[in-house]
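Engineer: Here's the letter readout for the chains.
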Amino acid sequence: MIVSILKMKKENFSSLLFLLPFLLLFGIFLLFPIIYSFFLSFYGSPKDFSLSNLEWVGISNYVQILGIHQTPAGWKLNDPSFWWSLVVTLFYGGISIPLGIAASLGLAILLNNKLAGKNFFRSAFFLPNVLDMLVVGVIWGLIYAPKYGALAQISTIFLGKDNFLNTTGLLGSGLTALPAVVIAMILKGAGFGMILFLAALQNIPEAIYEAADIDGAGKWEQFRLITIPLLKPILIFMVITGVIGSLNAFTEIYAMTSGGPQVVVGGETLGSTSVSGYYLYKQFEGGKYGYAAAISYVLLILTLIVTFLQQKLFSAEHR
Amino acid sequence: MKNMSPIRIVGFVALLAVLMTISVGIFGQLLKFGTMVVVSFTHQPVVNPKFPPASDLKAFQQIINKFFEAYNSSDPGNTIEHLSSSSTLEKTKEAFASGFVKRYQNDFGLSLSGTVNKEESFVQDSSLGAKIVYRTIFDKEKKGNADFEFVREGEVWKLKTVDFTRLRTTMDKSGKFVQGAAFSISYLIIVVVILKWLKTPVARRYDFLKMLFLYEALVIGVVVVMFPFFWMFSTAFKASGTELIFNEKNPFDIVPNEPTINNFKRVLKMDPEQEAQTDPIEKKNNFSTYFVNSLLVATTAAFFVTLLSAMAAYVFSKKELPYKNALFGFLLATMMIPGLMFMVPQFFMICKMGLCGTKLAMFLPHLASVFGVFMLKQFMDTIPSSLLEAARIDGASEWQVFSVVIIPLAMPIILTLFLLTFLFHWSNFLWQLIVTDFANPLSITLPVGLALFRGQYTSEIGQIMSASCFSIVPIAVLFLIAQKYFIEGMTQGAVKE
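Top line first, the protein sequences correspond to chains A and B. For the first sequence, the working numbering gives the first residue as 1, with consecutive numbering after it. For the second sequence, the working numbering gives the first residue as 1001, with consecutive numbering after it.
Don't take each hint at face value.
Each computed SDA-like pair below joins lysine to any residue, with the alpha-carbon atoms no more than 25 Å apart [unchecked claim]:
| # | chain 1 | residue 1 | chain 2 | residue 2 |
| --- | --- | --- | --- | --- |
| 1 | B | Lys1199 | B | Gly1180 |
| 2 | B | Lys1352 | A | Phe32 |
| 3 | A | Lys114 | B | Pro1201 |
| 4 | B | Lys1352 | A | Ile35 |
| 5 | A | Lys147 | B | Lys1484 |
| 6 | A | Lys118 | B | Leu1327 |
| 7 | A | Lys114 | B | Asp1207 |
| 8 | A | Lys10 | B | Leu1327 |
| 9 | A | Lys9 | A | Phe32 |
| 10 | A | Lys232 | A | Gly260 |
| 11 | A | Lys118 | B | Ala1482 |
| 12 | B | Lys1265 | B | Lys1484 |
| 13 | A | Lys161 | B | Phe1227 |
| 14 | A | Lys118 | B | Phe1229 |
| 15 | A | Lys147 | B | Glu1460 |
| 16 | A | Lys9 | B | Ser1403 |
| 17 | B | Lys1484 | A | Phe32 |
| 18 | A | Lys288 | B | Leu1452 |
| 19 | B | Lys1173 | B | Leu1188 |
| 20 | B | Lys1196 | A | Ala116 |
| 21 | A | Lys147 | A | Ile101 |
No wet-lab data here; the hints were simulated from the structure. Remember, it's a predicted structure, so these values are computed and weren't measured experimentally.
Sequences are here, hints too, so could you generate the full structure?
Structural biologist: Laid out in structure tokens, this is it:
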């Protein structure tokens, strides 16, 4: 008995030793920052970009982010840019997630045939996934550029010199800049979802479709009633990663639009592609460290809420 | 089904036409690209690829305008309707300004001055002949002689024709051959497809059409997805100032006709024409240094992440520890938090530790990878525990069990994690951007270096693109070698869930 306890202890001890380096780094760099960020969010911004002269400001960062104030014209948000960045993030996710799923599912369905050279197509579509986001963003920024960009040049033969792609460029207008970023990102990332969908499609037994054929179900009905439900786990995964991806979006915006072009919404001048990640970076870059920490905290809470809602939604659908 | 036949044939012919277009386009561009790379490394451009600097162009334009003014005043009746002149397009800017420009400069005593930026000179202004000349000349690759003809249209003079007797470069000489080869391959494909069509029984020709359509759709998809990278490579070989000039007749023809490797030399600071750097740090401040830095950071990080994750995964999968399942669940839950939220506190911690600007700072906070532990645990769960027991009975220590039994068995997945982590740190732009100490340029990594370079040399697109190659090419090659690991690793988390 004693021997077994001792052995147990020894086993636990060695387990701990194996786990320790990872846990230590995890605790220091992932767990502690959550607390530390909360602590930082009560401090103001140093005037000289130094990290030591932070001034205690209490909850005023949060008041600034979330609060409203009265002006002669009525109640106004203290920080409209922050709320706007949430709207832009919502749009970004709202466009990129369905389009991304559609593109990757479409590719997967095309590839889910008996094809020679299937591996070639798989690799070719997947390749852009592994390439550096910044570089891809820079390239697309130049492709979209008006007058001299590849897209502008190609569009002139079909639409003449005066077309929108040649005069303003997709990234030059507040209306089209965000969708243009999304398109570039989908062309970069569609291969990832494609592989997932393809694997799932190949796991669906042919017999189910044959049975449906006999029952007289058309192609579309088969797709809607058999394929989609069987792909649901992948769809959920794509939505969840898409949400996290939108909240994390920064590099593509930095490389392609720098948050612009500016649009005027409700009397405020706002960046039409300034997603929350980019807005956070801008605050941080401007030396508003405490403010940035407070924003990350608000975003963290929002993320938790969204994740919670997603789980509720998806687990309810599973039943 | 018999009445379907004409429609089928029309469809087949249409698909053949599309196939021909795609295939000529793809093979033409790929072959031309291959030739271009060889030519760019083996041949110096026949004429200096440097276009006349923008200041000269403005001057050129001014001269022409003044010339016409003077011409108008010397001819009060305004009877002259037509002018012609010729010019030799040579490599030096003086030579460029010769021909009719220099001649009229002497005649009217005009001085060269003024500036115009590169982009602006692309704006086509129909009232200014000179700008059109500028455009036209460069579109024609600035070689040989040019004959100009100007025609009066009311108050302004307009360029009517430019006639070139072109010098033939290696690219020009190989152009016909390349095109011929592209067409031959395409015809071959067409013939094969037609033969297959004829061999297909009539009843199955509809399926054949569908397959053909499918292939064409996929190929077009690949072209769209790959276009940006092909454009990047092609632009990287374009001479400074010519990056944004397209083939007017066929904008899909994006491979330059006068390639140069100067862009690569410049981003590596190896171009003798660049101002000599005496400062040893400034000399090293180029993309070869950034490349080595990125390689160092990504490799070190990947090694440690893999090691730590393997050790942790071993515990979670095979060893006993109270509450280990709860702990694992908690770890997984933290994966839901977007990494951006950690940026500010991690930055503060790293800087308070005095690590800001060091290479260690570039990966230290990302060493604890929950994803890695998850991935390795999934795999280790499939290793039978009896193997470990056998090793323990043979007297192996815990570390020996781990290093001799577990690691070799889990090698494929460990390799996968290594590659994925390498990739993550290779492109970990935001974090590397904020911890980089720009006062010490030798610590800059590739993505940060590229962002910095782009900020400094906004209009040097060729150089930006050649700098991008340093990030893209190694990863693309790595992917082609180890794509199985990449694809399986990146998609595993989703499939297993």
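Engineer: All hints are to be evaluated individually against the structure, with a verdict given for each.
Structural biologist: Against the structure, the hints:
1. Lys1199/B / Gly1180/B: violated (28 Å)
2. Lys1352/B / Phe32/A: This hinted pair holds, its Cα atoms lying about 14 Å apart.
3. Lys114/A / Pro1201/B: Satisfied, since the Cα-Cα distance of roughly 19 Å is no more than 25 Å.
4. Lys1352/B / Ile35/A: The hint holds at about 16 Å.
5. Lys147/A / Lys1484/B: violated (41 Å)
6. Lys118/A / Leu1327/B: This hinted pair is violated, its Cα atoms lying about 42 Å apart.
7. Lys114/A / Asp1207/B: OK: Lys114/A and Asp1207/B at ~12 Å, within 25 Å.
8. Lys10/A / Leu1327/B: Given that 25 Å is the threshold and the Cα spacing comes to 20 Å, the pair holds.
9. Lys9/A / Phe32/A: With Cα atoms ~28 Å apart, Lys9/A and Phe32/A exceed 25 Å; violated.
10. Lys232/A / Gly260/A: violated (36 Å)
11. Lys118/A / Ala1482/B: This hinted pair holds, its Cα atoms lying about 17 Å apart.
12. Lys1265/B / Lys1484/B: Not OK: Lys1265/B and Lys1484/B at ~34 Å, beyond 25 Å, violated.
13. Lys161/A / Phe1227/B: holds (23 Å)
14. Lys118/A / Phe1229/B: Since the Cα atoms of Lys118/A and Phe1229/B sit roughly 21 Å apart, the hinted pair holds (cutoff 25 Å).
15. Lys147/A / Glu1460/B: At roughly 16 Å apart (the allowed maximum being 25 Å), Glu1460/B and Lys147/A satisfy the hint.
16. Lys9/A / Ser1403/B: holds (22 Å)
17. Lys1484/B / Phe32/A: violated (36 Å)
18. Lys288/A / Leu1452/B: Judged against 25 Å, a Cα distance of about 22 Å means the pair holds.
19. Lys1173/B / Leu1188/B: It holds: about 24 Å lies between the C-alpha atoms, which stays within 25 Å.
20. Lys1196/B / Ala116/A: Holds - the C-alpha atoms of Ala116/A and Lys1196/B are around 15 Å apart, at most 25 Å.
21. Lys147/A / Ile101/A: violated (32 Å)
The structure is inconsistent with the numbered hints 1, 5, 6, 9, 10, 12, 17, 21, although it conforms to all the rest.
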